[in-house]
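The sequence shown runs -26 to -1, 1 to 321 under mature numbering (1 follows the signal peptide of the UniProt record, and there is no 0).
Treat the hints loosely; a few may be bogus.
[Stated by the list, open to error] Mimicking EDC-like on lysine to aspartate or glutamate, the simulated pairs with C-alpha atoms at most 20 Å apart in a straight line are:
no. : residue 1 : residue 2
1   : K111      : D79
2   : K313      : D280
3   : K111      : D150
4   : K209      : D242
5   : K209      : E231
6   : K111      : E92
7   : K209      : E186
8   : K313      : D67
9   : K111      : E146
Since the hints were derived computationally from the structure, they do not count as laboratory data. The structure presented is a predicted model; accordingly, all values stated were derived computationally and were not measured.
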Amino acid sequence: MARVWLCAGGAGCLLVFLVLHSHLSGSPVLRDFVFQISWRTEDVLYRLDVGWPEHPEYFAGATFCVAVDSPNGLVYVAQRGDDVQKVLVFTEDGYFLRAWNHTVDTPHGMFAASTPQEPAVWITDVGSGPFGHTVKKYDSFGDLVQVLGTPGQSGAGLNPLQFDSPSELYVEDSGDIYVVDGDGGLNNRLIKLSQDLTVLWLRGERGTGPGEFHVPHSVTVDSLGRVWVADRGNKRVQAFERDTGAWLGAWDDCFAEEGPSSVRFTPDGQHAVVAQLNLSRLLFLAAPPVGSIGSCSVRRSIQLADQVSPHLLDVSGRTGAIYVAEIGARQVQKYVPWKSYFPSFHF
């Protein structure tokens, strides 16, 4: 049973208990949904969309990652397992569209880099088979468009480009690509590539110092041009300057219990959203202003049930909805901004 706590803080809270029927991996189960609502609605940021997706039985494997294609209203989910479709495609409203399994070995991270004219999704593949150790671009129907790295061969080379268990990537509108390379492999690095795959800069090696990594697991870019990396093994988030790769600072004071597995920013730029895998928790951190990284400040949190294990997440640039890939629960859940459900609701 999956239990969800939406922790909002503030004075005076109302507990609401709902028992819902859903399907998980094709078998009927009960989902015990528990959330905590502050009497002050401004304290509550997100609530669970319990009806997303329309057909959760399509989640037949371990769901490792999710990517939102906001321009086209699509949500991609990648899962692992025997005899399962590796990639599922839904609409943001939750309707299942299609599945595909082409040239995907062991998906780890995803990013949708699309225009209305060209839907596309990138997948990092950490498998040891003939498609592993690569970063691949697909169209929305699963046709392979581009491959970065040497398929089936791990390495640290830059010419030709090689990866060793690449964790995740982020693609800017300019076409520049950021890859965190090192989900337990030999490499612990952040690479920035131009659209034509020229290496613009590289940061990192195994270590605990500024700009060093231990299992860099997720990467994103905020609206101010700062590159953020979830440095999971070192229990911190590090920030870099977009154009030069210069180290700007790190947050480690929020992660004493466990390091971050994923990092994204809300569309309004007010919060960084971080997942903690083993604690089954989402954190909403105050985004720092221009010119200051400062220290980490937790504004809100969402405590999930034990062993739900949120791995990677993505945020819709159109609606602000957060989609969380949960390995333990073998599903993706959608959280929507509270005001989109109750725009004029007052306690």
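Q) Does D79 lie within 20 Å of K111 when you go C-alpha to C-alpha? A) Status holds; Cα separation ~14 Å.
**Q.** Pair hint outcome, K313 versus D280 [Cα-Cα no greater than 20 Å]
**A.** violated (28 Å)
Q: Could you grab the alpha-carbon distance between K209 and E186 and see if it respects the 20 Å cut-off?
A: Measuring from Cα to Cα gives roughly 12 Å; hence the hint holds.
Q | Pair hint outcome, K111 versus E92 [Cα-Cα no greater than 20 Å] | A | Answer holds: K111 to E92 is near 12 Å, not above 20 Å.
Q | Agreement of K209 and E231 with the hint, judged by alpha carbon distance not exceeding 20 Å | A | holds (8 Å)
Q) If you draw a straight line from the CA of K209 to the CA of D242, is it 20 Å or shorter? A) violated (26 Å)
Q) Does K111 pair with E146 here, judged by a C-alpha cut-off of 20 Å? A) Roughly 14 Å separates the two Cα atoms, so the pair holds.
Q: Would you mind confirming whether the straight-line C-alpha gap from K111 to D150 stays at or under 20 Å?
A: With Cα atoms ~14 Å apart, K111 and D150 stay inside 20 Å; holds.
Q: Measure nothing beyond the straight line between the CA atoms of K313 and D67; if it is 20 Å or shorter, mark the hint as holding.
A: Holds, at about 17 Å.
In the structure shown, a violation is registered for the earlier hints numbered 2, 4, in ascending order.
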